[in-house]
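Here the protein sequences line up with chains B and S, keeping their order.
Counted from 1, the first sequence has number 179 at position 179 by my numbering; the numbering is strictly sequential.
Counted from 1, the second sequence has number 41 at position 41 by my numbering; the numbering is strictly sequential.
Be aware that a few hints might be false.
Calculated lysine-lysine pairs in the DSBU-like style (CA-CA distance at most 35 Å, straight line) [as the list claims (entries may be wrong)]:
1. B/K158 - S/K218
2. B/K158 - S/K107
3. S/K218 - B/K139
4. B/K158 - S/K232
5. S/K219 - B/K158
6. S/K98 - B/K51
7. S/K219 - B/K139
Short derived list, chain B residues pointing at chain S, Cβ under 8 Å [as the list claims (entries may be wrong)]:
8. V151
9. F156
10. L160
Where chain S lies over chain B, by a calculated footprint (3+ residues, C-beta under 8 Å) [what the hints assert, rightly or not]:
11. 143-149
12. 162-174
Since the hints were derived computationally from the structure, they do not count as laboratory data.
Note that CB positions come from ideal geometry on N, CA and C, so glycine has one too.
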Amino acid sequence: MTGRLIPAAATLSFVLCWEAFCRLQEIPHFILPAPSRIAILLLTEAPLLLKHAAVTTFEIALGIVFSLAAALPLSIAMFFSPLLERALSPLLIASQAIPVFAVAPLLVVWFGYGTGSKVIMAALIIFFPVTVTLLQGFKSCDPGYQRLFFVMGADFRKTLRFLYWPWALPYFFAGLRVAVSVAAIGAVIGEWVGSLEGLGYLMMQANARLRVDMVFACVVLLSCIGLLLWGGVSRLEARYVRWNQDTKEIQTNK
Amino acid sequence: MLEIRHFSKDFNGLPVLSNFSLALPRNSFTVLVGPSGCGKSTLFDLLMGSVSRDGGRLFLFGAELPDLRGEAGYMAQKDLLLPWLSLIQNALLPVMVKRKLTSDDYKEAKNLFSSLELSGFENHYPQQVSGGMAQRCALARTYFFRAPLALLDEPLSAVDALTRQSLRTMLLLLQSRFEKTILMVTHDVDDALFLADRIVVLSRSPMMVTQEFIPEGKKPRNPSNTELLHLKEHILRSLQEGR
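In isolation and in its complexed conformation, chain S is listed as follows (with noise of 0.2 Å):
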């Protein structure tokens, strides 16, 4: 579905990626560990246009696009929920950024949100509720991008384990029910394992694909299970090997 072909990007004459490619299937949810600062957060700016990059193209649906640009999702790590907006205003934002927002808009919102168990919390202010009330208020931003693409740039990292495992899940029901394709980067090796169908390791300067691995038994899985914790092992170390 997505298809990204030889990308490439220098800094200084330093090479951060070059010919990296990737492919995405329809509805899978794709995890990028890597060690820190290896290139992932370029190759995010690289797909949304926000740096340009010295070579590559790009794929959607089979279509050549310059950038993801208005076609793709964004969660990152800090929340990034405006203060002046409501919690439900704020979940509603990309709608609000290209249209007036109407009462089904309202509707379809207030019933993402008691999935996410914020019902309730629509008309508090993002000061008002805890760092990973205003994550799954994020979480629920992201799915009204409305995209089928949706970026995740670490969006785990800054919350403490128990709202940790509660974001995990939900971020696979944005998958499973709302059939989203998604691109995780993560430097956590259990939330790959918790979440990914695959997992797809990296190795530093210039960034490339070092293994591939697809974790098995089906969502949710419990990471603490062996086979589970063998894979992780096995990570780990070819993480390692990466730098």
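The shape of chain B in the complex, shown without the other chains (with noise of 0.2 Å):
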């Protein structure tokens, strides 16, 4: 009980700050607004922030199915061929030192104003965690464990279904969970950079009309998605990481 008691009264008392803050300095609202302003802006705005906000939270979903497309193959690809590996991951490390934000105006060159740059935004944010721990975790496996699935004549094919992938998952679980809370960090500066819709455009707009409280209000909403994605990869993990978690019972029991 007190483990989720603290952390509610730390949060509470830290808006209750900020609001008797803004009150009592009286602070322009278009500096800071009080959490209260932003809280009233949120539910009367609320048709038009969710409005741009499902289109944010579509292009991160999207952003992650197709990275997840891409790392899946290619991570199993380097484990199978350490020539792969070799060859390929001074690029992989080199395209993870390129800042998105230099990119993000090709982007849009190339796939215009429109959902595709976002997307594609997310998508490459993504990608680099997600092989990379993934390809780590298939590195991970006890030689011991792939001394029998040798001995009884198991393919690659095989030993993938049943010993790689399962012992991997763990690995890859932590991967996707760093991957989307960066996911809305790309599809955001993809927004920010030329858009139409979106949480993004929406603060570009709000921020120009010194409008922060909606700047504030997306930023919420922003959070919001971030940790409803970070819960569903969490329920994910913890229904096809049981053995994880057996071992935690275990151990606390004994």
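Now that you have both chains on their own, put them together as the hints suggest.
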């Protein structure tokens, strides 16, 4: 019980301090709006905000799907062929050294103001952590188990299915969890650079008009999207990586 | 039934095996005893084909084979059970890798589980059972390789003394009831005395057969009977000389 009470109390007191600061110091709302003002705006402008939030969520989700579709086969291929790994890993690392902000305008030029450039932006950001952690997961497999599968005469496909894939699942989820929290960054940057809808678009418009409360409302919604995705991944993990939980349970019982 | 002829293997110019030969009669239980680092594990690697040998030939039932991959069961010091599979699925893993499991497979596994005193734990997961039970499940899995031959790489060295005794009895069951030819590596002479039809003592670098013993008495034997104690002393002495 106290496990949840403490963070809730901390958050609440932070919000209260913020509110008190704004009121006592009479800070203009176009500099720093009070939490109450943001909350009211969230309610009154809900239809507009939700419409744009839906666009951004769609971009993030599609970005996740695309990056997974590329990361899974690539990490398996790199695990299967050390030659391919040696050839590709410098490229992969180099691609990560490029700040996404730098390519964002290019992507808009190539793929337009629509959803496409944002999806690709989100996918690019997720792609690397998922590929690398998955590859790491495959490679961390205990050689004793590999030998067992070797003696059984199992080929790579069978070993992948029964050993490597379940073995790497916890790694996969760890990578995915990082990925979904940064995916929003990709989508929003894409929207900042050039778009006609989405929370990033809304933020740019509001900022230009000194509607700082609207900017904050967008930030709140973006955090909500991030938390929802995080929660979703955690749920999937709890469902498919049951054996880790079992171990924890046994350890606490002892 | 299995014939190893003139196996040799160098590691960086160091001969680990040179001209090593060994023949296993059908349904026999051969135990290799040797000082640690004498190359027993290398021999297993060469037999399974996970490491390629520099020379030598291998015959199974008179037919020449490159290695025993897919032809022999395998059991290691660690139980190597997969934590995401239940005990019964773990035991059936060698079948599962080849084809879809049928209800007959499960029935057979259940029967085997009851002779291994694992009844009631079929749907438990490896992390929920004791080390001895996990190793018994690994033994059941060795059976489901459905190979006439089983390679055991120190399968008893990671369990406590009590569990060890019951596992020994179950290993004998694997040999006698299921007619397996067994090649086991150990550094525990008592294991050898209790289980072996033939004890092969090895020397180090390069690995060679220094002596062979055929312990007397029908199994299960009592390793503390005087004749066997005598033999044990003998084996320990020849192990010392082989170093």
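Here is how each hint holds up against the structure:
Pair hint B/K158 plus S/K218 does not hold up; C-alpha atoms about 42 Å apart against a cutoff of 35 Å. Straight-line distance between C-alpha atoms of B/K158 and S/K107 comes to about 24 Å, which keeps the hinted pair within the 35 Å bound. Pair hint S/K218 plus B/K139 does not hold up; C-alpha atoms about 47 Å apart against a cutoff of 35 Å. A C-alpha spacing of about 45 Å is found between B/K158 and S/K232, which places the hinted pair above 35 Å, so the restraint is violated.
Distance restraint check for S/K219 and B/K158: the Cα-Cα separation of roughly 39 Å exceeds the 35 Å cut-off, and the hinted pair is therefore not satisfied. As the CA atoms of S/K98 and B/K51 are separated by approximately 52 Å, the hinted pair breaks the 35 Å bound. For the suggested pair S/K219 and B/K139, the alpha carbons sit about 44 Å apart, so the restraint of at most 35 Å is broken. The restraint placing B/V151 at the interface with chain S holds, with a minimum CB-CB distance near 4 Å, inside the 8 Å limit.
Interface restraint check for B/F156: the shortest CB-CB distance to chain S comes to about 12 Å, outside 8 Å, so the restraint is violated. About 11 Å separates the beta-carbon of B/L160 from the nearest beta-carbon of chain S, more than 8 Å, and the hint is not met. Under a criterion of three residues with beta carbons nearer than 8 Å to beta carbons of chain S, the stated coverage of the stretch 143-149 of chain B is upheld, 5 such residues being counted. Given a C-beta distance limit of less than 8 Å, the hint that chain S covers the stretch 162-174 of chain B holds, as 3 residues qualify and 3 suffice.
Consistency with the previously given hints fails for numbers 1, 3, 4, 5, 6, 7, 9, 10, ordered from lowest to highest.
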